[in-house]
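Letter by letter, the chains look like this.
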Amino acid sequence: MESVTHNDVIILGGGPAGLTAAIYLSRARVKTLLLTEGTPGGQMTLTHEIANYPGIERINGYALGSVMKKQATSFGAVVKGNVEIGSVDLAGRVKSITTSDGQTYTADSIILAPGGRSRTLGVPGEDTFKGKGISYCATCDGDFFTGKEIVVVGGGNSALEEAVSLTKYATRVTIVHQFDHFQAFEYAVEEARSNPKISFVMSSTISSFYGNDNLEGVKIRNLVTGEETDFKTDGVFIFIGYVPNTETLKELVALNDRGEIITGPDMSTNLAGVYAAGDAVVKRYRQVTTAVADGTVAALASADYLHSLKRN
Amino acid sequence: MLYTNLNHIETASQLEKIVNENENVMVCCGRMGPMCIPVYGIMEELEPTYSHVKFFDMEFDNPEAQVIRNAPMTRGFMGLPYTVYYRNGEMVKATTSIQNMSQVKTILDSEFGQPEA
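Which chain is which? The protein sequence lines are A and B, in order.
Each residue of the first sequence is one higher than the one before, counting from 1 in my numbering.
Each residue of the second sequence is one higher than the one before, counting from 1 in my numbering.
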């Protein structure tokens with residue numbers, strides 16, 4: 001059944017930034033709703049061990065996310081995970097978010113903390129062979145490719161470091177990269193170049209994946225000559241960076257050319273009552289601690305905004 | 001070790017007992033990796049609503065998980081997690097790699113029926 005629920009603040013995104021904002025606001029008795037399209041905890045849940053979060057010697061990322069969620073809900077915040085956001089309206093005095101199940105949530109202030117995700121190639125066959133030869137995680141799926149020949153796509157630190165780690169399993173790793181040079185740090189490049197199991201196909205990209213039940217090969221296109229070649233492989237690991245989850249916000253709030261949300265020192269955006277925090281904002285360092293700091297500032301600024309609305 | 005808030009299955013005999021004693025069972029067999037964690041999160045989210053389904057996880061690297069790893073329905077799978085669904089003791093559906101909320105709900109609804117409103 002469709003309904004409208006009003007809140008003081010809605011937080012969009014459930015990583016450490018969003019959860020911290022939820023903790024601060026709900027503890028200040030601000031009626032707070034957190035909506036996230038993923039698992040509460042965000043990208044942090046993927047970290048096996050966090051050893052640089054002050055005050056906690058070592059903790060698993062999933063566990064830290066679970067505790068943050070528990071803290072937020074214990075103070076009264078409502079946390080809804082794995083929702084599908086349908087539409088967002090940030091322009092008016094009252095902001096609104098409608099989820100794909102037809103529920104509409106309104107609020108006087110919104111904190112955008114949508115985080116980021118792994119970039120995909122977006123070429124034919126990628127969805128079909130996901131989990132059947134295509135992977136985005138060497139730690140998860142590396143051992144499926146023991147004794148096989150595989151491809152790694154990417155040229156940053158993750159791609160080169162994971163390529164080296166995959167040589168524990170694969171007999172041969174071919175790195176396909178779109179440029180004629182790598183963006184990775186020199187140590188990572190040197191380690192990959194000195195590994196006899198690794199070879200390189202530069203200035204090239206995968207244009208399609210093919211196979212029957214499982215992946216059997218890829219088409220590699222040379223970006224300089226345009227020539228396309230067939231490359232038989234049992235597996236492809238894709239590490240081509242992260243993108244901010246801001247597609248649905250593109251026409252709504254000011255973003256930079258990388259799609260990151262532009263914020264002021266108090267995490268305010270170009271819209272009154274709309275704040276942003278975490279990995280999706282313009283910043284240099286993306287850490288759990290910086291996300292938590294962003295979330296704190298955004299929550300306090302949002303609470304100030306609510307007070308100013310009451311005063312006026 | 002899986003650090004989820006789901007109930008964990010440790011042995012093959014425990015799995016057998018669970019699927020024989022419960023009509024509808026969903027088990028996510030994985031690691032604490034980026035493809036598996038979203039599925040655990042979805043299961044935690046759905047657990048209160050789908051009271052007619054029992055939700056569990058099992059560590060993929062546990063030798064006892066071979067009953068899932070080597071099941072006929074998971075043959076050819078090359079991506080974690082292996083998510084398997086049992087009805088009346090029989091494996092009726094299996095998926096490989098990450099699944100979203102909509103995909104999981106579609107399987108739960110078609111295999112086990114929708115939750116009561």
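One or more of the hints may lead you astray.
Covered, in the sense of this in silico footprint (three residues per stretch, anywhere, with C-beta under 8 Å from a C-beta of chain B), are these stretches of chain A [said to hold, decoys possible]:
#1 36-46
#2 130-141
#3 249-255
Here are some of the chain A residues that sit facing chain B, going by a computed Cβ distance under 8 Å [unchecked claim]:
#4 Phe144
#5 Thr146
#6 Gly147
#7 Glu149
#8 Asn212
#9 Asn214
Hints were generated in silico from the structure; no laboratory data involved.
All C-beta atoms in this analysis are idealised placements derived from N, C-alpha and C, irrespective of residue type, glycine included.
Status of each hint after checking the structure:
1. 36-46: As far as the stretch 36-46 of chain A goes, the hint holds, because 6 residues have Cβ atoms under 8 Å from chain B.
2. 130-141: holds (count 11)
3. 249-255: violated (count 0)
4. Phe144: Holds, about 5 Å.
5. Thr146: violated (11 Å)
6. Gly147: violated (13 Å)
7. Glu149: violated (14 Å)
8. Asn212: Constraint on Asn212(A) not satisfied, violated at 10 Å.
9. Asn214: It holds, given that the least Cβ distance between Asn214(A) and chain B is near 6 Å, below 8 Å.
Checked against the numbered hints given earlier, this structure breaks hints 3, 5, 6, 7 and 8; the rest are met.
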